[in-house]
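Residue numbers (our numbering), protein chains in the order written: chain P, 1 to 488; chain X, 1 to 231.
Treat the hints with caution; some may be incorrect.
As the list claims (entries may be wrong) - Just so you have them, the derived chain X footprint on chain P, three or more residues with Cβ under 8 Å:
(1) 4-15
(2) 299-312
To be verified - Keeping only pairs whose Cα atoms sit at most 20 Å apart, straight-line, the calculated DMTMM-like set for lysine to aspartate or glutamate is:
(3) P:K91 with X:D132
(4) P:K11 with X:D121
(5) X:K208 with X:D132
(6) X:K13 with X:D132
(7) X:K57 with X:E69
(8) P:K91 with X:E122
(9) X:K135 with X:D121
(10) P:K91 with X:E15
(11) P:K332 with X:D132
(12) P:K102 with X:E69
(13) X:K62 with X:E122
(14) P:K402 with X:D192
(15) P:K100 with X:D70
(16) P:K340 with P:D439
(17) P:K102 with X:E122
(18) P:K401 with X:E67
(19) P:K463 with P:E475
(20) P:K11 with X:D132
(21) X:K110 with X:E122
(22) P:K91 with X:D121
(23) X:K110 with X:D95
(24) P:K224 with X:E69
(25) P:K11 with X:E158
(26) X:K172 with X:D95
(27) P:K100 with X:E117
(28) X:K208 with X:E69
(29) P:K91 with X:D207
(30) X:K10 with X:D207
(31) X:K172 with X:D80
(32) P:K11 with X:E91
(33) P:K262 with P:D252
(34) P:K91 with X:D95
The hints are simulated quantities; they were obtained by calculation from the structure and are not laboratory data. We treat Cβ as the ideally placed atom computed from N, Cα and C, and that holds for glycine.
The primary structure of each chain is shown beneath.
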Amino acid sequence: MISHFLNLEWKQYFRSAHWQKSIGIKIVMVLFALYFIVCFVAIGAFGYYILKKKMPETDPLVLVNSFILYAFLGDLIFRYLMQKLPVMNIKPLLILPIRKSKLVHYVLAKSSVSFFNILGLFFYIPFTVVLIKEGYNTVGVLGWLFAIILLIQSVNFLNFLINKNNIALGVLVATLLSLIGLQKFNIYNVTAFGGKIFDAIYANPVYALLGIILVAVLYQLNYKQLRSLVYLDEAVSEKVVEANAADLSFADKLGDVAPFIKNDIRLIWRNKRTKTVFLMSFLFLFYGLIFFTQQTYREMPAMLMFASLFVTGGFALNYGQFIPAWDSAHYKMLMSQSFKYRKFLDSKWILMVVVTAAMYMLSIPYLYFGVDIFLMITAGAIFNIGFNSLFLLFSGSFNRKKIDLNKSGFGNTQGTSATQFIIIIPLMLFPMLVFWLTDKFLGGYWGFIVVAAIGVLSLLCKKYVMNFIEQKYIENKYVMINAFGKEA
Amino acid sequence: MITVENISKKYGKAEVLNVASVTIPTGQSFGLVGNNGAGKTTLFNILLDLIRPTTGKITNNKIVVNESEDWKNFTGSFIDESFLISYLTPEEYFDFVGDLRGMSKVAVKKFIAQFDEFFNDEIVGKKKYLRDLSKGNQKKAGIVAAMMGNPEVVILDEPFANLDPTTQIRLKQIIKTLTENRAVTVLISSHDLTHVTEVCERIVVLDKGAVVKDIETSPETLKELESYFAL
């Protein structure tokens with residue numbers, strides 16, 4: 001049975017309608033993966049000696065142990081944002097003689113060999129080898145490694161449990177913050193406590209077996225949750241959503257783009273995935289708090305610029321990069337209607353600009369961190385409105401991936417995948433670089449001025465740029481219709 | 001034999017299906033008709049354990065469908081194109097289904113060869129993926145796959161829709177042959193009264209989720225149904 005599944009996945013992957021088109025992104029991803037692997041192996045191999053040299057009086061293993069708990073919590077948050085349960089289109093398999101339990105076991109088993117689980121091992125295994133070489137108790141070290149592997153698997157399954165639940169994420173973040181707080185204000189020594197657990201496992205490797213119980217329990221919970229989802233009506237069984245006809249007549253003032261704007265607002269509000277994107281943009285508003293409060297980042301202007309761009313640009317970035325795939329289900333219908341392509345694009349642009357401007361208004365409390373920070377956010381907002389909104393529209397003309405808004409899917413489809421993060425990089429790195437260069441060589445307010453100027457300049461050229469973008473969309477019309485019509 | 005007992009399905013407060021009792025004896029060709037939203041597909045979905053009923057149970061050859069999955073071994077079905085594996089070629093799909101139903105590759109080939117006329121040279125050997133076939137051709141592939149591995153029960157949702165007239169006639173012939181020996185129970189839903197009355201010996205009419213008519217097909221059935229739906 002497993003060979004069947006693997007065979008199907010192999011074919012699905014290589015026969016995917018957009019396989020060739022996304023090969024560039026795949027290569028970049030592989031390079032990223034290789035980079036991380038090399039880094040992890042290097043840290044694993046040399047970490048021991050570096051720690052020994054820097055802090056000769058502490059045992060490197062004890063030092064590593066004391067931070068492992070944080071590493072796992074951080075890992076969990078990272079996974080929450082990045083890792084999705086492997087998706088499998090199970091619908092065709094439901095009517096065939098395949099047990100539902102097998103499908104669920106397969107999906108779960110597949111998740112346990114995901115890259116997220118393997119990456120950490122590139123650090124832990126070399127580290128283990130070095131420890132054994134340095135004369136640590138072999139059984140103890142291996143037991144320690146075994147416990148780590150089990151914990152990685154536990155985190156893997158825990159992630160899927162909380163992935164459906166925003167409250168769970170909140171609890172998790174709160175736990176992490178309070179742990180850091182307890183540590184920082186010397187109320188309770190969490191680091192030492194976490195360290196003790198792992199020290200104990202090294203001293204007494206039998207404790208590692210407790211990890212098996214943890215994995216088994218989490219696996220079972222996942223199994224139960226997923227097994228109850230292997231039905232077609234899962235998405236609607238809980239509640240039937242009543243069509244809520246909000247009054248959108250305010251949009252009529254926008255003239256001939258109004259119908260599109262109204263539709264976009266409905267699209268965003270009535271679909272789970274788009275709604276998440278919209279609500280997430282408010283979370284991005286708080287992104288600055290992470291950076292502006294840290295003294296370390298205060299001295300890294302480029303990072304502050306990064307944060308500033310995110311504060312106002314969360315929506316534009318997350319929504320914009322999928323234009324026009326949001327409309328992929330009815331793209332054919334749109335293309336057979338009589339309207340100017342320009343209006344369609346304009347409406348998307350207005351939406352991004354309006355939300356970005358609104359986010360800017362909401363970011364005014366950042367004045368608390370000083371005028372400089374607020375000026376930076378201002379420059380970021382101008383850049384987002386002027387340059388990024390247009391660039392996102394442009395990059396949208398390369399979108400070939402259909403988004404199925406109605407599909408609740410088997411597993412979580414709303415997470416942000418690594419692919420999208422890569423697209424974001426040029427949007428962020430470019431202004432960061434500009435800011436860093438001007439700030440370093442010209443100093444003063446030049447950094448803000450130049451970044452904002454690029455935004456203003458783009459805005460002034462909007463008409464010409466839009467002509468170009470429109471042309472691009474019209475050129476790609478048939479390819480897009482074809483790609484959006486296909487199953488992923 | 002298939003027994004439906006007190007099956008109902010509610011989405012929130014809206015009840016979309018409520019069938020007190022229907023028994024389909026082995027070998028019967030059973031037709032389900034009704035307007036859009038009458039609950040035909042919902043009933044089939046519950047029968048195939050694709051959705052869970054709010055109350056009641058369906059038994060397929062003594063197996064309660066939402067308690068054991070053993071009924072899958074003798075039940076073939078096709079609901080719509082989304083149940084095909086879109087990135088396989090039709091041959092690969094047949095091989096896959098055949099494998100799951102315990103057929104060898106040779107047996108699959110032999111079985112498929114019977115349908116050459118039905119496929120009209122548009123499906124096998126075209127080097128196309130299922131997703132690139134037309135809706136009608138996708139349907140043909142799905143219907144044939146549903147009949148693989150000597151199933152005792154075959155369930156087809158709207159099999160005549162999207163098919164060209166020639167294929168419709170051929171499909172009717174195939175269904176008639178299937179039920180000839182009275183060993184295979186065939187369940188069909190359709191909007192097309194003519195087709196259904198032609199191939200089914202019993203017709204049940206659903207309206208707003210409830211059974212409103214349960215008739216044995218006779219030469220007058222078509223008229224009776226037409227006058228019922230004419231309203």
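Hint by hint, here is what the structure shows:
no.	hint	result
1	4-15	holds (count 5)
2	299-312	violated (count 0)
3	P:K91 with X:D132	19 Å, holds
4	P:K11 with X:D121	24 Å, violated
5	X:K208 with X:D132	36 Å, violated
6	X:K13 with X:D132	40 Å, violated
7	X:K57 with X:E69	14 Å, holds
8	P:K91 with X:E122	25 Å, violated
9	X:K135 with X:D121	15 Å, holds
10	P:K91 with X:E15	24 Å, violated
11	P:K332 with X:D132	17 Å, holds
12	P:K102 with X:E69	12 Å, holds
13	X:K62 with X:E122	39 Å, violated
14	P:K402 with X:D192	34 Å, violated
15	P:K100 with X:D70	11 Å, holds
16	P:K340 with P:D439	43 Å, violated
17	P:K102 with X:E122	34 Å, violated
18	P:K401 with X:E67	38 Å, violated
19	P:K463 with P:E475	18 Å, holds
20	P:K11 with X:D132	15 Å, holds
21	X:K110 with X:E122	18 Å, holds
22	P:K91 with X:D121	28 Å, violated
23	X:K110 with X:D95	11 Å, holds
24	P:K224 with X:E69	17 Å, holds
25	P:K11 with X:E158	30 Å, violated
26	X:K172 with X:D95	25 Å, violated
27	P:K100 with X:E117	35 Å, violated
28	X:K208 with X:E69	29 Å, violated
29	P:K91 with X:D207	27 Å, violated
30	X:K10 with X:D207	15 Å, holds
31	X:K172 with X:D80	18 Å, holds
32	P:K11 with X:E91	14 Å, holds
33	P:K262 with P:D252	8 Å, holds
34	P:K91 with X:D95	18 Å, holds
Hints 2, 4, 5, 6, 8, 10, 13, 14, 16, 17, 18, 22, 25, 26, 27, 28 and 29 from the earlier list are contradicted by this structure; the remaining hints agree with it.
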